[in-house]
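A.B. asks: Next come the chains, spelled out residue by residue.
Number of protein chains: 4
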Amino acid sequence: MSKEKNISRAFGSDNWAGVHPDVLAAIANANVGHAPSYGNDDLTREAVEKIRGLVGGDCEVFLLFSGTAANVLGLQSMVRPHQAVICAETAHVHTSEAGAAEKHIGCKLIPLAAPHGKISAADIPKQLGYVGNEHHVQPKAVTVTQSTEYGTVYSLAELKEIAKAAHDNGLYVHMDGARIFNAAASLGCSIEETTRDVGVDVLSFGGTKNGLIAGEAIVFLNRKFAEDFDYRRMQGMQLASKMRFVAAQYVALLSNDLWKRNAEHANRMAAMLGNGMCGLPGVRLTQRVQSNSVFAILPAEVIPEMQQRFGFHVWNSDLNEVRLVTSFDTAESEVREFCAELAKSVASRR
Amino acid sequence: MSKEKNISRAFGSDNWAGVHPDVLAAIANANVGHAPSYGNDDLTREAVEKIRGLVGGDCEVFLLFSGTAANVLGLQSMVRPHQAVICAETAHVHTSEAGAAEKHIGCKLIPLAAPHGKISAADIPKQLGYVGNEHHVQPKAVTVTQSTEYGTVYSLAELKEIAKAAHDNGLYVHMDGARIFNAAASLGCSIEETTRDVGVDVLSFGGTKNGLIAGEAIVFLNRKFAEDFDYRRMQGMQLASKMRFVAAQYVALLSNDLWKRNAEHANRMAAMLGNGMCGLPGVRLTQRVQSNSVFAILPAEVIPEMQQRFGFHVWNSDLNEVRLVTSFDTAESEVREFCAELAKSVASRR
Amino acid sequence: MSKEKNISRAFGSDNWAGVHPDVLAAIANANVGHAPSYGNDDLTREAVEKIRGLVGGDCEVFLLFSGTAANVLGLQSMVRPHQAVICAETAHVHTSEAGAAEKHIGCKLIPLAAPHGKISAADIPKQLGYVGNEHHVQPKAVTVTQSTEYGTVYSLAELKEIAKAAHDNGLYVHMDGARIFNAAASLGCSIEETTRDVGVDVLSFGGTKNGLIAGEAIVFLNRKFAEDFDYRRMQGMQLASKMRFVAAQYVALLSNDLWKRNAEHANRMAAMLGNGMCGLPGVRLTQRVQSNSVFAILPAEVIPEMQQRFGFHVWNSDLNEVRLVTSFDTAESEVREFCAELAKSVASRR
Amino acid sequence: MSKEKNISRAFGSDNWAGVHPDVLAAIANANVGHAPSYGNDDLTREAVEKIRGLVGGDCEVFLLFSGTAANVLGLQSMVRPHQAVICAETAHVHTSEAGAAEKHIGCKLIPLAAPHGKISAADIPKQLGYVGNEHHVQPKAVTVTQSTEYGTVYSLAELKEIAKAAHDNGLYVHMDGARIFNAAASLGCSIEETTRDVGVDVLSFGGTKNGLIAGEAIVFLNRKFAEDFDYRRMQGMQLASKMRFVAAQYVALLSNDLWKRNAEHANRMAAMLGNGMCGLPGVRLTQRVQSNSVFAILPAEVIPEMQQRFGFHVWNSDLNEVRLVTSFDTAESEVREFCAELAKSVASRR
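Residue numbers (the numbering used here), protein chains in the order written: chain A, 1117 to 1466; chain B, 1117 to 1466; chain C, 1117 to 1466; chain D, 1117 to 1466.
Be aware that one or more of the hints could be misleading.
[To be verified] Listed next, the in silico DSS-like pairs over lysine-lysine satisfying Cα-Cα at most 27 angstroms (straight line):
1. A:Lys1376 to A:Lys1460
2. B:Lys1280 to B:Lys1340
3. D:Lys1376 to D:Lys1276
4. D:Lys1276 to A:Lys1340
5. B:Lys1242 to B:Lys1276
6. B:Lys1340 to C:Lys1340
[Unchecked claim] Quick partial rundown of chain B residues pointing at chain C, CB under 7 angstroms, derived from the structure:
7. Gln1243
8. Tyr1246
9. Asn1249
10. Asp1313
11. Glu1343
12. Arg1348
13. Leu1435
[Stated by the list, open to error] DEER-style ranges, computed between Cβ atoms:
14. B:Lys1276 to C:Asp1239: 48 to 58 angstroms
15. C:Pro1397 to A:His1429: 23 to 33 angstroms
16. A:Gly1286 to B:Lys1242: 47 to 57 angstroms
17. C:Gly1149 to D:Asp1434: 30 to 40 angstroms
18. B:Gly1172 to C:Glu1165: 30 to 40 angstroms
19. A:Gly1286 to C:Tyr1246: 47 to 57 angstroms
20. B:Asp1284 to A:Val1247: 50 to 60 angstroms
21. C:Cys1394 to D:Gly1173: 46 to 56 angstroms
Since the hints were made in silico from the structure, they are not lab data. Ideal Cβ positions, reconstructed from N, Cα and C, are used throughout, including at glycine.
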């Protein structure tokens, strides 16, 4: 796609971003001599300890290649094929992972209505009408995405309610934390507060979208789900042989509050972007800007040129809704440039 | 495992090795601005072209995280669940991938006797006695590992015979090329000669063991198996979001004959190691040293101390057989040191 | 469940019914000497030919144990795991087969709104917005149930529109014909007219609900999907060893228009039941009575006693909606008795 | 296959046999009125109690359609996909179920050498060298077939040793009892003695080969494996809707010692057959005749005509080894006729 060329910075996604220099340096520093493979090395131990520290200690941690795998293998730990996972209709694991959950777990996903990407605790018990009936899949886990696929953020109270509704009914709680850092930064809370303390059992703990090359982790806050996970990771084709280089990235991200600085910056850029767009004629934000993305309806005519220049996604072409994502390396100047350009475009079309 | 600490260089595996400096530099150089994710970037296009060039053009290429995934998703492209894959009893996909093939494809693997890690073309037709009988799985693919799990290398003639036996019977040919570079270096031939020209349909084209951080590719020399593979890769949890950084590694490896220099060096170190060990009292090489590993029986008493110092694997503890693997970064001095130390140890035990 | 005892006839389901005497006689008649197993017998050949005759000739036919299996293995023939099946939100394969489709095929089902159990052709293209995008499952089949889970019947025109919408977009059409005989009887058409002629590619051709002990078939009107199906049936654990006894049941059902007489009778009983209930105070039919079931809201107070006596299911306890199913062996006297009893009950509660 | 026509009685298989008249009568007797479906009926309760009685009480019992399903779903209850099942290289689940275990469980089967169809307890611990290593599948169950696929019968002592070797190493024991009745009749022991008492955890309890139309059961002697099995049966497409008719068959088989009379008769016919063949020139029995089959090498020239007339299988065409199976309805006259004919044929070829 030639239009995707020559974009220095863009709003396409936080995975269009590069790698934070500290992360790159950590990889280079890890490149000394030989180290045992498959995670039997010091850097992996250090990364695991750092992650443990961030989520409040007692847990099991495994590093993976892919966030999709973190979701799928995490859920596989909690449900058997005849059981089911309750999720938002907007959940990445439901909409954007090519059916990996169904293929790998063999179970059904049950989507709930999710205005602004968020499910409601009250909807969970409504899915349990057929519990005990052998003809029907049996819900056994709930998954929430924090921050959501729409850039919104569950409050801690909302998450607690969801976890309570789940646990009260014998269901487990998974959190897709592909952007957990942005959520914590948005809430001004610790990772522990938005995961363990709200009742999460298993956490997909994403690094890639916050400045790594490729690094994802799964955190079993409820240790029982970690049983035999080393085999499931291998069978799930997610065991890195030279794992020290994945670990090094996490160590860098979790040192010197880099995770927080990266996430806060990305969030601030999104807020600035949202503010700059807000009020322009024909422009309407469709979601609250709570983390590092902006969803907005733009005048149809301005989209093609803006998209070519700034590389974002059209989210809903019927509505002319676009998604703009900021990242650790988004520059204020880019945001200003985008807003100025947009202002000019919407003005000129009149 | 405390014994695994503090090893500057070792013979544990080529995945205990680090990353080649050129590869690291390529990653750093790729870290400029934003780029479309999921492989829609220039570096991925360049890597694909370079791989195409190496295997003789016409083919489809996909980058993946994991060599296990290359094997499993490659075979999934060729067989349906009721079919079967004929493999060596020593094949990595059979012995060391935690059942990923059975789990992901749902098919049976049929292991053949494999002296020195190599199957014989003559054994393939013998597996076809139940073709057409609905009670029996139907062999549909043959997989060979080049170089083998025992460091041996199929001759081009052997591979051609195997492919002919397969194709004549309606079976497809997969090659696990986790160490394809070492094989080509050993044979003194091109990658094309040891893959396309011998009749391989689908190739797992490994980079990690030859100096990358983590980079594997699957090459569909027979393009029909690539149909819909983009979905299978995503559903197989192997689609890298920041793919340019995987691609950059391959570009570096395939530039300036780095792949060949790395592989030739590793092979030369293994040959030197084998020569140095050969003839020591109580030491017996159990496999021909044809690529980058040495399999040898050592006197039982010398193993623990040597292992602690040089970090290799005991392959068969009943036989006191060990495996020593060399890599692009094995130093001649290490090889000499190992051989001298071994000579001293076996002498002192008398 | 003690309440389920001692029910001579009931409205619980057409699978609470017994076996038609002709079918039982056919089984006894088949019990002569030995016959090759697994379908290599004359009766199986005869059953297949009879089924072929009913659907207009050119097709492949396989006998199975279970209707769930007919649906799941039929769909498995049409879709790969990364693809998806569009279905009614009320489809048996979606709601009542314990996730067998997800487990066995590994694919996602996409439920459509289905007022009165029927999907609309117009909704099919709306599911195709992400065709070609590797992150999303790819719809490849549409399944319809005829007659539906709500006892309604698609018109031939409706089915043709659905099949056209599917085929125009490269999707295949599966029909869950667990009650295909009741549908054909309702429409006054042949089986061929409501299957092949409307564009069905693969048909689950149910016998059990129309007077068999246990007999289901899958009919590949589009023969390409039958390729290798014998293996998929075996691997799907659906190959009867003494198949002649399944075949004998079908032969009986398809002889002397028994299928039609059974279905017409069941439909007539449902119509009579619906007519008898209609107009009673507090009773409201919720679905058109088009085949062999009646869905109705009853006054809450009358349900327990009526249910104990007539053994039907409460379909929606929030609405006090019940489902009454008639079968080949429902007696007019039972219908009259039910209606009289209901009339008395609703009158007495005033 | 025209040669398979017109065989009144044959030695093809015990599933070429018909149905015992008592079983047929029981089906007819069950055909009274309506009964709740899916096993919520009195006959199913009765069948379950009769099976419980036979295996010594405390257990969970589920009826299924298929013996393959009993094996696969039984093993699925004991192993997760990353685990493995140790079996005889001759095990039906390994050789003759079209890979259903790999497809449905997603696990690997590990075949052991099995002279005369029997594995040795001593070989079990040898498969455990990689327990605890994440790269390798983890053996978790052992399955034995009683009587074996070669008509031989494990002694109770052999079974106890196998179960001890399994349990001592944390593995569970499954028994494929497709011909469990023949085994018990051969051993002169009860079903309980050859299942529960020797340490079996889960039993495939076959009825079809001993005079039923189609009826298989799974017996969880270790109740923990029955947890959620009702869902796994439904998802495994093995839940009969009109289950009373499966149950009625078992009730008949387990009444009046019919199972024992049937099995003893079949065994006696095999013994008579073996005795009659033994000593004929060019004829050599290859297995001890311990249950209801005879394996023998015949002179090549006599096979085609004998096979056409008596409908048996050539087991190993390289060896001219054939398999003759007797059943509850094999007549002494047939056995005599076969032996006389064979004697004549082998004499005439001299």
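A.B. asks: Can we keep the tyrosine 1246 of chain B interface hint, with Cβ of chain C closer than 7 angstroms?
C.D. replies: violated (11 angstroms)
A.B. asks: Take the C-alpha atoms of lysine 1242 of chain B and lysine 1276 of chain B, compute the straight-line distance between them, and say whether it is at most 27 angstroms.
C.D. replies: holds (18 angstroms)
A.B. asks: Does 23 to 33 angstroms hold as the CB distance between proline 1397 of chain C and histidine 1429 of chain A, or does it fail?
C.D. replies: Since the Cβ atoms of proline 1397 of chain C and histidine 1429 of chain A sit about 58 angstroms apart, the hinted range of 23 to 33 angstroms is violated.
A.B. asks: Quick check on a hinted range of 47 to 57 angstroms for glycine 1286 of chain A and tyrosine 1246 of chain C, using CB atoms only.
C.D. replies: At 34 angstroms between Cβs, range violated.
A.B. asks: Would you check the hint for lysine 1376 of chain D and lysine 1276 of chain D, treating anything up to 27 angstroms between C-alpha atoms as holding?
C.D. replies: Distance of about 23 angstroms is within 27 angstroms: holds.
A.B. asks: Would you check whether asparagine 1249 of chain B satisfies its interface hint, that is, whether its CB is within less than 7 angstroms of any CB in chain C?
C.D. replies: violated (9 angstroms)
A.B. asks: Given the proposed pairing of lysine 1276 of chain D with lysine 1340 of chain A, does the C-alpha separation stay at or below 27 angstroms?
C.D. replies: Violated. Lysine 1276 of chain D to lysine 1340 of chain A sits at ~33 angstroms, over the 27 angstroms cutoff.
A.B. asks: Holds or violated: the 48 to 58 angstroms window for the beta-carbon distance between lysine 1276 of chain B and aspartate 1239 of chain C?
C.D. replies: Once the Cβ atoms are compared, 54 angstroms apart, the range 48 to 58 angstroms for aspartate 1239 of chain C and lysine 1276 of chain B holds.
A.B. asks: Confirm or reject the claim that glycine 1286 of chain A and lysine 1242 of chain B have a C-beta distance inside 47 to 57 angstroms.
C.D. replies: Holds - the Cβ-Cβ distance for glycine 1286 of chain A and lysine 1242 of chain B, about 52 angstroms, lies within 47 to 57 angstroms.
A.B. asks: Holds or violated: the hint that glutamine 1243 of chain B contacts chain C, with Cβ atoms closer than 7 angstroms.
C.D. replies: violated (16 angstroms)
A.B. asks: Starting from lysine 1376 of chain A, check that the Cα of lysine 1460 of chain A is at most 27 angstroms away, please.
C.D. replies: violated (34 angstroms)
A.B. asks: Does the Cβ-Cβ separation between aspartate 1284 of chain B and valine 1247 of chain A fall within 50 to 60 angstroms?
C.D. replies: holds (55 angstroms)
The structure does not agree with the numbered hints 1, 4, 7, 8, 9, 10, 11, 13, 15, 18 and 19 stated previously, though it agrees with the rest.
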